[in-house]
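**Q** In case you want the letters, here they are:
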Amino acid sequence: MSTIERRRERLDRGIKVRTEGIYAVSSWEEVTYLVLPRLILIVGLLLLPVLIPSLYWKRVVSIAAIYALLALGFDFLAHFVGLVSLGGAFFIGVGGYTAALLNKSLGLPILLTIPMATLGGALICTLLLLPALPLRGVYFAIVTLMYPLALMRIIEALNIFGGTDGILGVAGFPNRWVEQYLILLIVIFALFGLRRLVNEDIGLVFRGVKDNDQAVRASGLSITLYKAIAVFIASGLGSLGGAYLSHIYMWSGISQFALDFSVIPIAATVIGGGGTLVGPLLGCFFLVPISEWLREFGTLRIVFYSLILMAFIMFRSEGVMVYAQRKYHQFQRWVKV
Amino acid sequence: MSDEDILQVTNICKSFGGVQALLNVSFNVQQGEVFGIIGPNGSGKTTLINCITGFIKMDSGKVFYKGKDISYKPPNQIANLGLTRTFQIMRPYYSLPAYKNLIVPLFSPRARRKGGWRGGGKLGDRGTVSIDILEEIGFERDSFVPYKLASSLPTGYLKRLELARCLALRPDLILCDEVFSGLSMSEIASMVPLIEKLQMDGITLVMIEHRLRELFRVASRVMVLNFGEKLTEGIPEKVMADEKVKEAYLGSEKLLDYTFEA
Ligand SMILES: Nc1ncnc2c1ncn2[C@@H]1O[C@H](COP(=O)(O)OP(=O)(O)O)[C@@H](O)[C@H]1O
Ligand SMILES: [Mg+2]
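From first to last, the protein sequence lines stand for chains A and B.
Residues in the first sequence are numbered from 1 upward in steps of one, following the numbering used here.
Residues in the second sequence are numbered from 1001 upward in steps of one, following the numbering used here.
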């Protein structure tokens, strides 16, 4: 059978199993079809701490998970609310310092500092970004980038919060297993929580703000309010990551305002596929280890890094997961020409 | 100004740089009527709606809705009072299916207050309510149309979706900006009874229209704008007989085209 007589036909799978919200699942195959990818993802993530023996690379897994929280927040804001945020460093820094201060000055345990820094950090970030919410596109992005730079200099100049030394002696996690499994569970929870949120009624309002903000106002809803709620969610995820980071390193300092926290989540979204949420998450688990590995090459790593990004933008500009999801929902067969 | 007036507009002025888009425009709309606004292109009709509904800050002037001063309020607050508007250039959420487009207005404080929990109360959840509204406005319930992405809908349905967004807010007054334009004659013919039905349901309508024939079938009074100024106002026959109106229309476009279009 030569390919001249036959060609490959690609079909979208029936709407039955694809439409979200309508679960007319009739067979085990269809249940498997729906559940399998999620199962692989969850099991895969939870196996990482067991499969990776070296202490150094175990730590990298935790850091990648923190970046994943940032990437989820970035993808949520960019593709479901229409806000391009470079606020990763801002969120991490605020959450990190808040947790460290709560722990050191008030003596609160990790069990309290992390949730409090998550909510408190989200509140601080949202309030500070409130004036920028009416700004669009790159202007909003610039403001989110300006805050971490400014806060860094303020802490340096006024020598507050330990100045350039940072806050030392923050409580650590009881052991590596707790440290790793807690953050991995948080990441999984955040992913499925956000996926659910964007399909809830309030999620449709967020998507409405992105699609057509004037129509949202004509619908009797304040776009500033819903943008603020969305920023609260994303900055909460980032602050949670920051708080975690402080407890992992038992230290909080101005390097938590480093631009890596703003840039890597975006790169991960480009690679993983914007708008899929899971893509940016996986992007972090790919990029963060690579960037660790490239550390050996010193400053040259930026070049490798840029090459990888450029390759993705040129050859798979839609991102891996957008491509993978489309392929998963199609099946191919040979038909006679 | 009588108590029956649902909307009172006094001396709205608005200029864009050098262009005086509106100059001292005043009019009243009575509860329950269909009030038409006509005028050549660029005469300031859309700007007038934008000023009333808060989408544009007017330079001066006052707007009273149900006797309450709503001038310079933000658009979402005005919409929540039941004063809604359609957009001349349709503004659907293209990435959402038609019925999910309506979940956004159903999520508004007004719709939630009026409809009870989840915007449906006894009627059901928001998805069900939006299918009901779409059916009322002319989407076939048992077809795929309400479930299609807004980006794949033709103009006729998008115009209906604009009206549906207003209806989801349980409005008392709808300002319609050219809901007939871009539609075929048969589509317009099917929209007219819809407008009549809204009026029967007690909704007051202000309609900007170029399709004078269809407008005059439903409107009790019309106002004419030209270069941002109000020329005249009254029952359709009298207004069209007005010399100033004929002149304004003949100056830019052909009056006959609009009036006697088959
Ligand atoms: N946002 C704007 N910026 C500048 N000029 C505008 C704006 N909106 C409307 N105009 C001008 O105001 C005048 C009235 O426009 P518009 O209200 O859209 O007229 P109509 O709806 O009657 O066709 C036009 O001259 C138009 O160019
Ligand atoms: Mg107009």
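Watch out, some of these pointers could steer you wrong.
BS3-like mimics (lysine-lysine), calculated; alpha carbons at most 27 Å apart, straight line [unchecked claim]:
hint	chain 1	residue 1	chain 2	residue 2
1	B	K1148	A	K210
2	A	K210	B	K1238
3	B	K1197	B	K1148
4	B	K1057	A	K210
5	B	K1114	B	K1073
6	B	K1057	B	K1073
7	B	K1073	B	K1062
8	B	K1197	B	K1244
9	A	K327	B	K1057
10	B	K1197	B	K1114
11	B	K1114	B	K1066
12	B	K1114	B	K1068
Since the hints were made in silico from the structure, they are not lab data.
Just so it is clear, the structure is predicted and the values come from calculations on it, not from any experiment.
**Q** Decide, hint by hint, whether the structure agrees.
**A** These are the hints, each one checked on the structure:
{"no.": "1", "hint": "K1148(B) / K210(A)", "result": "holds, 19 Å"}
{"no.": "2", "hint": "K210(A) / K1238(B)", "result": "violated, 46 Å"}
{"no.": "3", "hint": "K1197(B) / K1148(B)", "result": "holds, 26 Å"}
{"no.": "4", "hint": "K1057(B) / K210(A)", "result": "holds, 23 Å"}
{"no.": "5", "hint": "K1114(B) / K1073(B)", "result": "holds, 22 Å"}
{"no.": "6", "hint": "K1057(B) / K1073(B)", "result": "holds, 9 Å"}
{"no.": "7", "hint": "K1073(B) / K1062(B)", "result": "holds, 11 Å"}
{"no.": "8", "hint": "K1197(B) / K1244(B)", "result": "violated, 33 Å"}
{"no.": "9", "hint": "K327(A) / K1057(B)", "result": "violated, 49 Å"}
{"no.": "10", "hint": "K1197(B) / K1114(B)", "result": "holds, 21 Å"}
{"no.": "11", "hint": "K1114(B) / K1066(B)", "result": "holds, 18 Å"}
{"no.": "12", "hint": "K1114(B) / K1068(B)", "result": "holds, 20 Å"}
In terms of the numbered hints stated before, the structure departs from hints 2, 8 and 9, listed from lowest to highest.
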